[in-house]
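Produce the complete structure using the sequences and hints provided.
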Amino acid sequence: MTETILATYGITKSFGALKASNDISIDLRPGEIHAIIGPNGAGKSTLIGQICGSLAPDAGRVELMGQDVTTLSTDQRARAGLGRTFQISALAMEDTVLENATLGAMGASGRPWRFWSAALGDRSLRARAEAALERVGLADHKTKRCADLSHGQRRQLEVAVALTLEPKAFVMDEPMAGLGAEGSKNLTGFLDSLRQEAPILLVEHDMDAVFALADRISVLVYGEVIATGSVDQIRSDPRVREAYLGESA
Amino acid sequence: MSTILIIEQVLNGLQSGVMLFLMAAGLTLIFGVMGLINLAHGSLYMVGAFAAAAVAGVTGSFVLALIAALAAAALAGAVIEVAVIRRLYDSDHLDQVLATFALILIFSEGTRWVFGSFPLFLDIPDALSGPVTLPGGIQYPLYRLALIGVGLLVAFGLWLLIERTRIGIQIRAGENDREMIAALGVDISKLYTLVFALGAALAGLAGALVGAIQSVQVGMGEPVLILAFVVIVIGGIGSIKGAFIGALLVGLTDTLVGIFLPEVLKLFMDAAPATSAGSSIASMSIYILMSLVLIWRPSGLFGARA
Amino acid sequence: MSRETLFNAALLLGLIAVPAWAVMTDEPFTITLATRAVILALAAAGLNIALGIGGLVSLGHAVFFGIGGYAMGILAHHAQSYTPLMEWPFLIEGTKFMPLIWLLAIVVSALVALVIGILSLRTTGAYFIMITLAFGQMFYYFAISWSTYGGEDGMSIYVRNDFPGLNTLAPIQFYGLCLAILVVVLVFSARLRRSPFGLALNAARQVPARVEAVGMDPMRLKLVAFVISGVITGLAGALFADLNRFVSPTMFSWQFSGEIMILVILGGVGRLFGPVAGAVTFVALEHFLGGITEFWHIFLGLILLAVVLFARGGITGLVAGKEATHD
Chain G
4 MTETILATYG ITKSFGALKA SNDISIDLRP GEIHAIIGPN GAGKSTLIGQ
54 ICGSLAPDAG RVELMGQDVT TLSTDQRARA GLGRTFQISA LAMEDTVLEN
104 ATLGAMGASG RPWRFWSAAL GDRSLRARAE AALERVGLAD HKTKRCADLS
154 HGQRRQLEVA VALTLEPKAF VMDEPMAGLG AEGSKNLTGF LDSLRQEAPI
204 LLVEHDMDAV FALADRISVL VYGEVIATGS VDQIRSDPRV REAYLGESA
Chain V
40 MSTILIIEQV LNGLQSGVML FLMAAGLTLI FGVMGLINLA HGSLYMVGAF
90 AAAAVAGVTG SFVLALIAAL AAAALAGAVI EVAVIRRLYD SDHLDQVLAT
140 FALILIFSEG TRWVFGSFPL FLDIPDALSG PVTLPGGIQY PLYRLALIGV
190 GLLVAFGLWL LIERTRIGIQ IRAGENDREM IAALGVDISK LYTLVFALGA
240 ALAGLAGALV GAIQSVQVGM GEPVLILAFV VIVIGGIGSI KGAFIGALLV
290 GLTDTLVGIF LPEVLKLFMD AAPATSAGSS IASMSIYILM SLVLIWRPSG
340 LFGARA
Chain Z
150 MSRETLFNAA LLLGLIAVPA WAVMTDEPFT ITLATRAVIL ALAAAGLNIA
200 LGIGGLVSLG HAVFFGIGGY AMGILAHHAQ SYTPLMEWPF LIEGTKFMPL
250 IWLLAIVVSA LVALVIGILS LRTTGAYFIM ITLAFGQMFY YFAISWSTYG
300 GEDGMSIYVR NDFPGLNTLA PIQFYGLCLA ILVVVLVFSA RLRRSPFGLA
350 LNAARQVPAR VEAVGMDPMR LKLVAFVISG VITGLAGALF ADLNRFVSPT
400 MFSWQFSGEI MILVILGGVG RLFGPVAGAV TFVALEHFLG GITEFWHIFL
450 GLILLAVVLF ARGGITGLVA GKEATHD
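Protein chains in written order, with my numbering: chain G, 4 to 252; chain V, 40 to 345; chain Z, 150 to 476.
Since the hints were made in silico from the structure, they are not lab data. Fair warning: this is a prediction, and the values are worked out from it, not measured in the lab. Beta carbons: idealized from backbone N, C-alpha and C, even for Gly. Just so you know, not all the hints are guaranteed correct.
Looking from chain Z toward chain V, a few residues come up when the C-beta cut is under 10 angstroms (computed) [as the list claims (entries may be wrong)]:
#1 M173
#2 T272
#3 L282
#4 W295
#5 I411
#6 L454
For each label pair, taking beta carbons as the anchor points, the in silico distance ranges come out as [what the hints assert, rightly or not]:
#7 T297/Z with I177/V: 33 to 43 angstroms
#8 G181/G with A433/Z: 42 to 52 angstroms
#9 E202/V with Q70/G: 48 to 58 angstroms
#10 G163/Z with P312/V: 50 to 60 angstroms
Structure follows, in structure tokens:
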């Protein structure tokens with residue numbers, strides 16, 4: 004079954020009496036953007052945690068490229084080809100933009116166990132990092148410290164670091180968070196082109212972006228996927244309207 | 040090996056355990072409520088012991104000595120909380136470690152300046168001196184038995200304070216949510232000073248009580264402080280219950296292994312190397328215990344985080 | 150050149166000029182003081198890798214210092230008493246040969262750092278501090294109870310150990326050896342900071358989640374940093390023992406762990422030459438303040454408080470400005 008790049012099979016996770024994930028099976032196919040939407044507290048973060056490896060599911064499994072990765076750690080999954088972005092930018096604030104991007108290139112290209120040669124002096128690492136920065140439009144800010152970047156630039160860098168991994172699949176946790184209209188539009192255009200490189204599992208609150216980008220949408224409510232389908236199907240699904248759109252309106 | 044010896048050593052272990060609890064309870068409370076790691080807690084133990092020894096030297100009264108120990112340690116605690124510690128609540132652990140380490144230097148050298156380098160002695164009060172005969176004909180020092188009693192009493196009092204009083208409710212709320220409690224109109228900085236002084240008073244009490252069976256000298260607090268850290272690592276940071284169980288475990292392990300391991304080793308080897316190897320291993324026993332707990336439960340037996 | 154670079158160059162120049170001057174004016178005690186400063190700087194340079202880059206607040210680095218010291222003490226003790234270290238399963242003799250002593254110090258420090266690191270890195274924050282402190286105390290008590298090697302009294306070594314081509318009994322030659330090692334370690338630290346490992350470790354301190362997400366294990370990075378750090382401090386311990394020709398359990402004491410940390414902080418945490426600035430300042434304070442009052446630790450405490458509360462960058466920060474330079 005090479006049609007799915009990333010898939011979960013019946014993953015379930017409880018915190019005490021609360022079922023944060025209840026028998027969730029979703030998949031990500033080549034070339035698509037699969038959006039996960041749902042009201043606050045629906046269990047989106049828990050789901051991402053289990054896919055990326057920071058949380059262990061109570062039951063079910065996660066597969067990447069047909070390989071069972073359920074017991075792999077976060078860093079092992081990243082090396083296996085999972086590139087993620089964080090809802091709240093997780094960047095080394097004291098370091099420069101280029102250093103942050105190089106970090107991603109390093110992780111992907113094997114092990115960081117070199118103690119003598121300069122990281123930024125490594126041509127292949129640097130090329131990879133610079134290419135990613137170029138693509139998100141941060142090439143002119145390479146030597147800036149991360150702490151000095153604007154919020155929007157940090158969001159771009161967040162995506163660039165994931166790009167340096169050259170992953171098989173992206174998992175993006177609210178990449179649009181805190182971006183203005185202009186920023187959202189730009190990033191939407193960029194993600195649109197990115198799906199051909201690797202499919203994207205997109206958790207996003209910005210509905211304009213979701214409806215513009217998603218090939219498929221899954222709706223998560225109280226830890227359960229209540230519907231999966233195309234944008235039109237989801238828009239017209241009465242259960243979705245009731246549980247999600249009705250609630251947020 | 041006689042039953043009498045075993046019972047005696049168990050009592051010794053309990054006694055050192057409950058005294059450790061007095062130290063660990065204050066430390067863990069301060070950490071739980073304020074998020075502060077306080078290396079100077081051992082200095083407060085020392086302050087209590089010195090205050091007790093000085094007052095007992097002048098008045099001859101053990102009761103006055105204990106009151107002086109409580110008062111001096113609480114006062115010292117309140118002063119350093121206001122002058123230094125409260126600037127550190129929002130700092131990282133590194134700053135807390137350094138600033139409280141600096142306080143140790145100041146307290147230790149200051150005490151040496153005032154009292155000199157020679158140890159002071161604090162006598163056990165007459166009413167509590169001498170042995171008492173326990174059921175089964177075991178002779179045991181009355182004072183040590185009294186220490187166990189006092190320790191258990193304080194543990195119970197602390198439990199009452201935290202579970203049953205307004206202050207306790209505020210302390211528990213403060214552990215969970217600083218903003219919330221401030222929003223409820225509780226003066227958070229007063230509460231913090233109070234908690235710190237309470238922890239300090241417990242340390243001072245322990246210093247005075249133990250000072251009567253050991254010598255009172257500069258630097259007496261830090262070995263106890265480190266043992267209290269071991270207790271907290273075992274029990275789980277912020278948990279009074281964990282501190283109690285951990286303290287008893289450490290007290291018993293330290294005492295029993297030190298006495299019995301050489302005896303056990305003598306069954307297998309010559310007496311001299313058995314004694315030497317036994318005491319070497321015994322000196323490491325509580326740290327081995329700590330390592331085992333770490334492997335099994337990194338956040339301690341009753342730690343909050345899983 | 151940035152002000153920090155100039156400051157560092159001035160420090161290094163001072164470490165060459167002052168002892169040279171002391172040789173000319175025949176002041177061997179000044180050389181001994183300088184040697185002490187250089188060795189303490191080396192110990193602190195070790196901690197600076199774990200603490201400054203990796204953010205590991207280890208309050209147990211005296212363990213490695215003590216291990217280095219006892220490696221020297223034990224080997225030299227057996228060499229001077231002509232008794233073998235062990236006879237079974239194979240014969241090991243003592244030695245007075247410094248490189249061999251250093252090798253033992255390095256290997257044992259690395260192994261111990263690995264074990265302590267694996268255990269204490271299971272936790273973070275305040276737990277890590279308490280646990281490293283506790284392990285330090287464990288070694289301290291172990292050394293006290295280890296009667297074969299002097300127990301509480303420690304061991305004296307009558308003659309300083311040998312290094313090929315040098316007369317280590319001449320203070321300036323031993324000083325030169327120590328300074329050379331310090332320079333090698335500082336060069337290594339400077340390279341390490343810019344290396345892939347240094348970059349990853351630096352990020353693991355700031356955002357472990359990011360490091361994981363790009364395929365590296367932050368805990369393993371920190372563990373390796375802890376081992377490197379311990380090895381350097383262990384080497385410093387072996388040299389320190391040779392300087393004093395004496396080892397005792399106080400090398401393992403928690404006070405000493407605290408002092409190594411003070412050196413790093415006084416100089417400026419995470420700065421390449423911070424440990425050097427800190428150690429020179431510390432030894433100078435100890436010498437001059439200690440000459441004025443027996444209670445100079447009070448003033449050390451006050452200075453430390455002032456640094457923590459008001460001058461976060463330490464001495465290097467005061468001289469060279471707040472932030473470490475980036476290029």
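Requested in this report: Output the numbers, in ascending order, of every earlier hint that fails for this structure.
Outcome: Number 1 - this is the single hint that the structure violates.
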